[in-house]
Amino acid sequence: MLNSFVEMKADGSTSGGCWIYTGVYTDGVNQSARRKPGSQQSWVAPEWGWAWPMNRRILYNRASADPDGKPWSERKAYIWWDEAAGKWTGHDVPDFQVTKAPSFRPEPGIGGPEGLAGDDPFIMQADGKGWLYAPSGLLDGPLPVHYEPLESPLRNAMHTQQSNPTREMFPRKENLTGPSPPEPGSDVYPYVVTTYRLTEHHTAGGMSRWSPYLAELQPEFFCEVSPELAAERGLEHLGWATIVTARTAIEARVLVTDRVTPLTVDGRTIHQIGLPYHWGVGGGGSIVSGDSANDVMGVALDPNVHIQDSKAAACDIQPGRRPTGPELPRYVEAYRRRAGISVDTGTARVTPEKDGS
Amino acid sequence: MWGWSSAPDPARDTGWINAPARKGFFTDGSVCIGCKACEVACKEWNGIPEDGLQLLGMSYDNTGGLGASTWRHVAFIEQPRRAVGSDGFTPLPMVTAAPDQNTHAGSAETGIRWLMSSDVCKHCTHAACLDVCPTGALLRTEFGTVVVQDDVCNGCGYCIPACPFGVIDRRDGPPGARNVGIAQKCTLCYDRLRDDMTPACAQACPTQSIQFGDLDELRIRAHDRVDSLHAAGVTDARLYLADPNDGIGGAGAFFLLLDEPEVYGLPPDPVVTTRDLPAMWRTAAIAGATLVAGAAAAFVWTRS
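Protein sequence lines correspond, in order, to chains G and C. Residues in the first sequence are numbered consecutively from 0, following numbering that gives the first Met the number 0. Residues in the second sequence are numbered consecutively from 0, following numbering that gives the first Met the number 0.
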């Protein structure tokens with residue numbers, strides 16, 4: 000077992016596995032099993048468990064000290080430059096070349112890590128700086144801005160532009176998008192639906208729904224709603240509900256819980272519906288099965304790293320089980336007609352300056 | 000038969016010589032995160048069958064309670080934001096994030112808190128299940144714990160109503176599973192203890208909510224924990240079954256709770272169900288003797 004990834008050799012004589020985890024068995028000890036109480040060590044508690052890489056708890060921690068290497072705050076002192084010893088030290092493993100003094104300035108024209116100065120904490124960035132204004136590298140820069148999700152029951156309260164104009168879209172009949180303000184028809188899907196995980200299952204359940212000890216802990220697909228939404232739509236605890244979006248409709252058992260709270264946005268009450276995304280069709284040996292939350296989500300991607308905008312969508316919810324067979328597409332289509340949905344809905348990149356909101 | 004003493008030592012009282020220190024669990028509900036790793040680890044180690052695929056609607060608890068095939072059970076209690084006070088709103092006590100304190104699920108924003116706690120067999124000092132067992136299948140181990148020997152149990156079921164907590168039960172399935180019809184419950188991993196190992200649930204617990212060790216030491220640690228929670232403003236923190244003078248003589252597995260035991264589905268003041276048996280037998284014996292004496296007297300009286 001290597002003590003650090005820097006011990007890896009290119010000649011094949013070492014074996015480190017996933018590089019970020021090298022060191023978790025430093026000195027032959029399972030470092031991640033350490034449980035030294037917080038009262039017996041510094042407030043950073045480096046001997047409680049282990050963190051990758053190299054048991055470093057906060058990345059870019061050089062930024063916890065000012066340009067001269069002194070902690071910004073004595074109370075929050077984290078790492079600092081020890082002038083006498085000529086190195087960085089502190090409560091965490093410095094995320095910085097340990098002997099590079101704060102006063103170090105590179106010769107002009109040098110690139111890479113050697114080209115960073117002693118006060119450049121963001122060592123994975125080309126210039127060692129943290130960026131708020133990002134003139135290059137981002138397709139939707141240069142400054143952070145708020146956009147509504149592609150499907151939203153609300154108008155963007157901060158800007159005319161409703162959603163990210165640089166988003167990647169896949170407009171086709173299998174991936175329809177519901178209307179968002181200022182387009183008309185968003186009242187047909189008045190609620191927000193989001194997905195999340197449960198501790199008991201792993202991703203879409205491909206492993207955990209086949210395991211009896213996990214399947215029995217979370218045996219059925221459910222939706223979580225607030226008591227207020229349950230009253231508004233006549234949903235009963237442990238009854239069935241149908242959740243419908245522009246894509247399709249799914250059914251889930253209802254959990255009415257105070258953990259879900261209606262939001263008040265722009266003077267309106269916005270109800271949220273929570274769906275764990277671990278269920279799907281059964282198949283050989285599956286112990287539990289159910290409708291898939293992913294079926295009601297659409298696909299649109301962020302332009303930089305192509306992450307799906309699939310944590311939020313607009314939906315309706317009704318008590319009772321969903322239709323099956325040919326009745327299901329008819330049910331979904333009736334919603335689409337009422338909302339005026341076509342393949343072009345939601346594909347306008349730039350929101351018109353003047354709208355009715 | 001147990002005897003009431005000021006410092007009960009169940010293993011030695013049962014006749015174990017050179018018994019090790021009494022072992023137990025301290026389950027600290029203030030740091031339970033509801034991951035249910037204890038339930039899974041217990042079933043894996045002890046080879047317990049899956050026992051039900053029902054959505055119960057009790058928050059995230061689909062286990063329901065302890066039974067023959069559930070030896071650890073994590074309760075989930077949602078305490079709603081609309082608790083009524085004089086101002087129409089009663090803020091519930093939360094564990095706040097003091098620098099040297101653990102935090103607990105609770106949000107000032109919604110005023111709801113989510114209590115979680117892992118239940119288990121209490122391994123009572125005065126264990127009624129053991130008292131009533133006619134076959135000797137229930138055994139007091141050298142660690143002071145209570146264990147069912149599945150190859151001795153005849154499934155009579157006397158132990159089931161004897162338990163003041165509803166812990167022990169007969170396995171009713173599935174067909175083909177081990178020990179169907181036999182009374183089953185937590186063994187405090189008797190097999191692991193004899194190999195100097197930590198019970199599976201405590202080993203799996205990622206937050207040290209389940210702590211295993213010598214009972215004397217666990218009790219001290221638990222009282223310290225309550226003191227620090229009280230100092231942090233969590234005045235409702237209390238120990239449950241840690242008192243050797245309670246109705247079961249204190250438990251081998253005791254708990255730190257953040258509310259009344261009833262909130263967690265636990266009896267507030269459990270008493271060993273066999274406590275009054277000697278007195279009842281005495282009364283029955285006196286009644287019987289009286290009957291016999293009366294009959295004899297009547298016989299003598301008619302003859303004279």
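The set of hints was computed from the structure by calculation and includes no laboratory data. Ideal Cβ positions, reconstructed from N, Cα and C, are used throughout, including at glycine. Please note: incorrect hints may appear among the correct ones.
Residues from chain C that face chain G, not an exhaustive set, calculated with beta carbons under 7 Å [stated by the list, open to error]:
#1 Val-30
#2 Lys-35
#3 Val-299
#4 Trp-300
To spell it out: a stretch of chain G is covered by chain C in this simulated footprint if at least three of its residues, at any positions, have a beta carbon under 8 Å from a beta carbon of chain C; those stretches are [as the list claims (entries may be wrong)]:
#5 218-227
#6 244-257
Within the assertion that chain C covers the stretch 218-227 of chain G, do at least three residues meet a Cβ-to-Cβ distance smaller than 8 Å?
With 3 residues closer than 8 Å to chain C, the stretch 218-227 of chain G meets the three-residue bar; holds.
Tell me if the interface restraint on Val-30 of chain C is satisfied: Cβ within less than 7 Å of some Cβ in chain G.
violated (13 Å)
At a threshold of 7 Å, is the proposed contact between Val-299 of chain C and chain G supported by beta-carbon distances?
Because about 69 Å separates Val-299 of chain C from the closest Cβ in chain G, which is outside the 7 Å limit, the hint is violated.
Residue hint Trp-300 of chain C, partner chain G, criterion CB-CB below 7 Å:
violated (69 Å)
Take the stretch 244-257 of chain G, compare each residue's beta carbon with every beta carbon of chain C, and decide whether three or more fall closer than 8 Å.
holds (count 4)
Does the CB of Lys-35 of chain C sit less than 7 Å away from some CB of chain G?
Holds. Min distance 5 Å.
Going through the hint list in order, the structure does not satisfy hints 1, 3, 4.
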